[in-house]
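Chemist: Chains as they are written, first to last, in my numbering: chain A, 279 to 836; chain B, 658 to 842.
Think of the hints as simulated: they come from the structure by calculation, not from any bench.
Treat each hint with caution, since some may be false.
Quick list of in silico lysine-lysine cross-link-like pairs, DSSO-like style, CA-CA up to 27 Å [claimed, not checked]: (1) A/K466 <-> B/K743; (2) A/K622 <-> A/K479; (3) B/K743 <-> B/K753; (4) A/K290 <-> B/K664; (5) B/K798 <-> A/K597; (6) A/K466 <-> B/K753; (7) A/K597 <-> A/K466; (8) A/K341 <-> B/K753; (9) A/K562 <-> A/K584; (10) B/K747 <-> A/K466; (11) B/K753 <-> A/K584; (12) A/K466 <-> A/K622; (13) A/K341 <-> A/K597; (14) B/K683 <-> B/K798; (15) B/K683 <-> B/K743; (16) B/K747 <-> A/K597; (17) A/K681 <-> A/K341; (18) A/K479 <-> B/K664; (19) B/K747 <-> A/K584; (20) A/K479 <-> A/K644; (21) A/K584 <-> B/K664.
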Amino acid sequence: MRAVDAVMECLKAEGVDVVFGLPGGANLPTYDAFYDAGIRHVLVRHEAGGGHAAEGYAKATGKVGVALATSGPGATNLVTPIADAMMDSVPVVFITGQVRTDLLGTDGFQEADTIGITMPIVKHSFMIQHPLELPRALHEAFHIARSGRPGPVLIDIPTDLSRADIPYEPVADLALPGYQPTIDGNQKQIRQAAKALAAAKRPVIYAGGGVINANAAAELTEFATADHFPVTCTLMGLGGFPASDPQWLGMLGMHGTRTANYAMDGADLICAIGARFDDRITGKLSEFAQNAKFIHIDVDPAEISKNVAAHIPIVGDAKRILAKLLVEYRALEADTGRLDDWWKQIEAWRAEYPLRYDDSTDSEIKPQYLIQALHEATAGEAIIVSDVGQHQMWAAQYYGFSKPRRWINSGGLGTMGFGLPAAMGAQVGCPDQLVCAITGDGSIQMNIQELATCTQNQIPVKVFIMNNGYLGMVRQWQELFWDRRYSQVDMGEYPDFVKLAEAYGATGYRYSDKNTLVDDIRAAIATPGPVVADIRVTREENTYPMIAPGAAARDMVG
Amino acid sequence: MGEPGTKEILSLAELEASVGLRTGRKHVLSILVENRPGALTRIAGLFARRGFNIETLTVGPTEDDEVARITLTVDGAVHPIDQVTKQLHKLVNVLKIRDLEPAGTVTRELALFKVAAEGSARSELLEFCEIFRGRVVDVTKRSVVIEITGEEDKIEAFEQVARPYGLIEMMRTGEIAMARGRSET
Numbered sequence: 279m280r281a282v283d284a285v286m287e288c289l290k291a292e293g294v295d296v297v298f299g300l301p302g303g304a305n306l307p308t309y310d311a312f313y314d315a316g317i318r319h320v321l322v323r324h325e326a327g328g329g330h331a332a333e334g335y336a337k338a339t340g341k342v343g344v345a346l347a348t349s350g351p352g353a354t355n356l357v358t359p360i361a362d363a364m365m366d367s368v369p370v371v372f373i374t375g376q377v378r379t380d381l382l383g384t385d386g387f388q389e390a391d392t393i394g395i396t397m398p399i400v401k402h403s404f405m406i407q408h409p410l411e412l413p414r415a416l417h418e419a420f421h422i423a424r425s426g427r428p429g430p431v432l433i434d435i436p437t438d439l440s441r442a443d444i445p446y447e448p449v450a451d452l453a454l455p456g457y458q459p460t461i462d463g464n465q466k467q468i469r470q471a472a473k474a475l476a477a478a479k480r481p482v483i484y485a486g487g488g489v490i491n492a493n494a495a496a497e498l499t500e501f502a503t504a505d506h507f508p509v510t511c512t513l514m515g516l517g518g519f520p521a522s523d524p525q526w527l528g529m530l531g532m533h534g535t536r537t538a539n540y541a542m543d544g545a546d547l548i549c550a551i552g553a554r555f556d557d558r559i560t561g562k563l564s565e566f567a568q569n570a571k572f573i574h575i576d577v578d579p580a581e582i583s584k585n586v587a588a589h590i591p592i593v594g595d596a597k598r599i600l601a602k603l604l605v606e607y608r609a610l611e612a613d614t615g616r617l618d619d620w621w622k623q624i625e626a627w628r629a630e631y632p633l634r635y636d637d638s639t640d641s642e643i644k645p646q647y648l649i650q651a652l653h654e655a656t657a658g659e660a661i662i663v664s665d666v667g668q669h670q671m672w673a674a675q676y677y678g679f680s681k682p683r684r685w686i687n688s689g690g691l692g693t694m695g696f697g698l699p700a701a702m703g704a705q706v707g708c709p710d711q712l713v714c715a716i717t718g719d720g721s722i723q724m725n726i727q728e729l730a731t732c733t734q735n736q737i738p739v740k741v742f743i744m745n746n747g748y749l750g751m752v753r754q755w756q757e758l759f760w761d762r763r764y765s766q767v768d769m770g771e772y773p774d775f776v777k778l779a780e781a782y783g784a785t786g787y788r789y790s791d792k793n794t795l796v797d798d799i800r801a802a803i804a805t806p807g808p809v810v811a812d813i814r815v816t817r818e819e820n821t822y823p824m825i826a827p828g829a830a831a832r833d834m835v836g
Numbered sequence: 658m659g660e661p662g663t664k665e666i667l668s669l670a671e672l673e674a675s676v677g678l679r680t681g682r683k684h685v686l687s688i689l690v691e692n693r694p695g696a697l698t699r700i701a702g703l704f705a706r707r708g709f710n711i712e713t714l715t716v717g718p719t720e721d722d723e724v725a726r727i728t729l730t731v732d733g734a735v736h737p738i739d740q741v742t743k744q745l746h747k748l749v750n751v752l753k754i755r756d757l758e759p760a761g762t763v764t765r766e767l768a769l770f771k772v773a774a775e776g777s778a779r780s781e782l783l784e785f786c787e788i789f790r791g792r793v794v795d796v797t798k799r800s801v802v803i804e805i806t807g808e809e810d811k812i813e814a815f816e817q818v819a820r821p822y823g824l825i826e827m828m829r830t831g832e833i834a835m836a837r838g839r840s841e842t
């Protein structure tokens with residue numbers, strides 16, 4: 279069969295039921311194979327939309343996402359989603375077309391060095407040089423993308439090779455001698471960790487996106503509640519521990535709660551699980567959690583002692599390690615009462631510093647209230663997909679996630695334009711669930727073309743634009759740190775999102791009254807098909823509290 | 658520290674962190690990689706992206722056709738060696754990395770020196786060449802090319818010696834290194 283038909287067989291063998299892509303010259307053979315392969319293909323309007331859709335699909339389902347593009351500009355349009363998937367450890371296989379082998383290196387039409395351009399931002403990549411390599415490369419790509427610390431894998435296929443006639447045999451074994459991720463944590467280290475936790479008087483569990491990736495939310499909750507361990511999650515870890523639980527401190531980091539950041543600052547032992555001590559978490563590194571010892575559980579050994587030195591490193595899969603840690607911890611029969619003073623302190627912080635904002639005295643919608651209204655209208659049960667900016671932080675603070683894979687956003691790379699296509703991918707992966715995109719008037723315009731994909735394919739995402747007419751987060755920083763010199767942040771009232779939604783064949787609404795907002799949102803959700811709600815909010819509201827850049831966590835402002 | 662397997666609880670004060678310490682010395686990393694296109698680019702790219710400096714780099718075949726060896730030296734005073742090796746390990750084509758202990762390692766480097774050394778200076782230079790157990794591999798009226806093999810120090814010492822005689826060009830291969838005794842590198 280043709281090599282591309284073998285590719286289809288490989289995709290099916292890997293359990294792929296949907297891919298996102300856009301055809302072009304160099305991947306015409308692949309698209310010919312799709313014609314009758316029986317795999318759903320969602321035609322996006324821009325390759326970046328396809329890449330982010332594959333990410334949203336992967337994050338919502340836990341399966342590997344697949345995105346396709348042609349050579350040259352198609353491939354370069356994938357660069358942002360690839361980098362995004364790398365930073366947030368999202369399992370996605372990207373398949374790009376390449377010019378034919380006799381044109382390689384000649385600056386042929388639509389030629390770009392895709393492998394070279396993407397090398398620093400992929401977990402691994404395959405440049406196909408012989409058609410017989412294709413089946414093995416495909417399977418290895420899926421294995422690498424989903425195992426260990428997940429990430430993006432790229433396969434670049436010259437168009438002539440994809441037309442070659444090859445015998446296809448299912449690949450039974452993978453030959454990856456240099457890739458053997460550690461899965462089981464070291465038992466001795468796990469025992470040490472249990473003992474340290476049992477000795478700690480002021481412990482905090484700090485969980486990140488790794489808990490979500492490892493499907494370890496249930497294990498985390500069981501372990502944390504085996505004693506009264508306070509729990510905080512990073513932006514990527516939200517939903518890894520239920521926000522409704524009394525042991526939940528809220529998110530930590532730059533826009534985390536004071537309680538979570540103060541608890542980290544005052545802790546004597548921090549148990550980091552699938553988290554990487556990012557600068558948005560630590561603030562000023564030299565003043566981060568100065569009194570704490572660190573247990574660091576991560577599947578990627580390179581994360582351990584990268585930013586903060588670990589006292590008890592444990593390399594492996596969070597799900598397995600947490601299950602073992604629970605057994606070890608229970609066997610110690612630690613005295614729960616030792617944490618009483620710590621909890622008294624935490625409760626005092628909680629009482630003094632709850633998340634708060636000044637609500638409007640008229641009908642104006644405060645952005646924080648918009649998130650609370652969305653929570654009420656959805657009973658906290660929606661998959662929330664966020665874009666990047668102030669709305670993202672407010673959604674993270676106020677929605678209150680109680681289950682994993684319900685909060686999808688671009689954390690590490692901070693990609694504006696991620697929200698709508700990722701919501702589309704999440705909706706394709708979870709057709710029976712309510713998927714809401716929270717976005718800003720800045721972010722939405724960076725991939726708004728995907729509304730056409732949503733309407734054409736009846737992908738019923740509900741898009742809520744928190745419209746303040748500004749690039750809000752940049753404006754906030756200019757206000758706070760650049761003497762209110764607002765430089766190039768005023769977006770005005772352009773475009774008319776209601777008309778735009780209608781032009782795309784979606785339903786558009788505009789809301790500006792907080793008194794009817796919950797009902798308005800309910801109405802938007804009840805509307806069949808894709809919906810865009812343009813919600814006018816307070817123009818100059820700041821996201822608080824905040825650790826100023828370069829400041830210590832204990833010096834939060836706002 | 659509390660013994661594993663006992664119910665004794667571990668005092669936090671006793672815990673010591675494993676820090677990405679700067680070791681303060683030169684490290685020779687011997688890396689086995691799958692002999693595939695792009696393997697070297699990935700390694701070089703990783704060093705560039707993470708801000709690590711490669712001091713010397715040699716690449717060559719091994720006794721196994723499928724595997725190539727990259728020997729590179731990194732300054733442990735500037736870079737946390739454990740981060741360097743952990744990041745290298747993440748590359749799928751990297752099979753094995755050894756951070757070679759200086760005492761248990763034989764290292765060699767080859768250097769070529771093109772020196773003007775005209776007139777009476779030439780015989781002086783050739784005497785030095787003999788002392789360094791070098792070989793003359795090319796002679797013209799206006800230049801000699803001398804080959805020196807040895808450890809880094811020896812090559813640097815010869816460079817000091819040759820420089821006053823009119824050093825026209827110098828080339829060094831970078832170090833290769835092999836573990837002493839029966840142990841595999």
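Chemist: Give a verdict on every hint.
Modeler: Hint by hint, here is what the structure shows:
no.	hint	in the structure
1	A/K466 <-> B/K743	21 Å, holds
2	A/K622 <-> A/K479	12 Å, holds
3	B/K743 <-> B/K753	11 Å, holds
4	A/K290 <-> B/K664	51 Å, violated
5	B/K798 <-> A/K597	74 Å, violated
6	A/K466 <-> B/K753	25 Å, holds
7	A/K597 <-> A/K466	17 Å, holds
8	A/K341 <-> B/K753	30 Å, violated
9	A/K562 <-> A/K584	15 Å, holds
10	B/K747 <-> A/K466	24 Å, holds
11	B/K753 <-> A/K584	21 Å, holds
12	A/K466 <-> A/K622	33 Å, violated
13	A/K341 <-> A/K597	17 Å, holds
14	B/K683 <-> B/K798	40 Å, violated
15	B/K683 <-> B/K743	17 Å, holds
16	B/K747 <-> A/K597	21 Å, holds
17	A/K681 <-> A/K341	17 Å, holds
18	A/K479 <-> B/K664	17 Å, holds
19	B/K747 <-> A/K584	14 Å, holds
20	A/K479 <-> A/K644	40 Å, violated
21	A/K584 <-> B/K664	31 Å, violated
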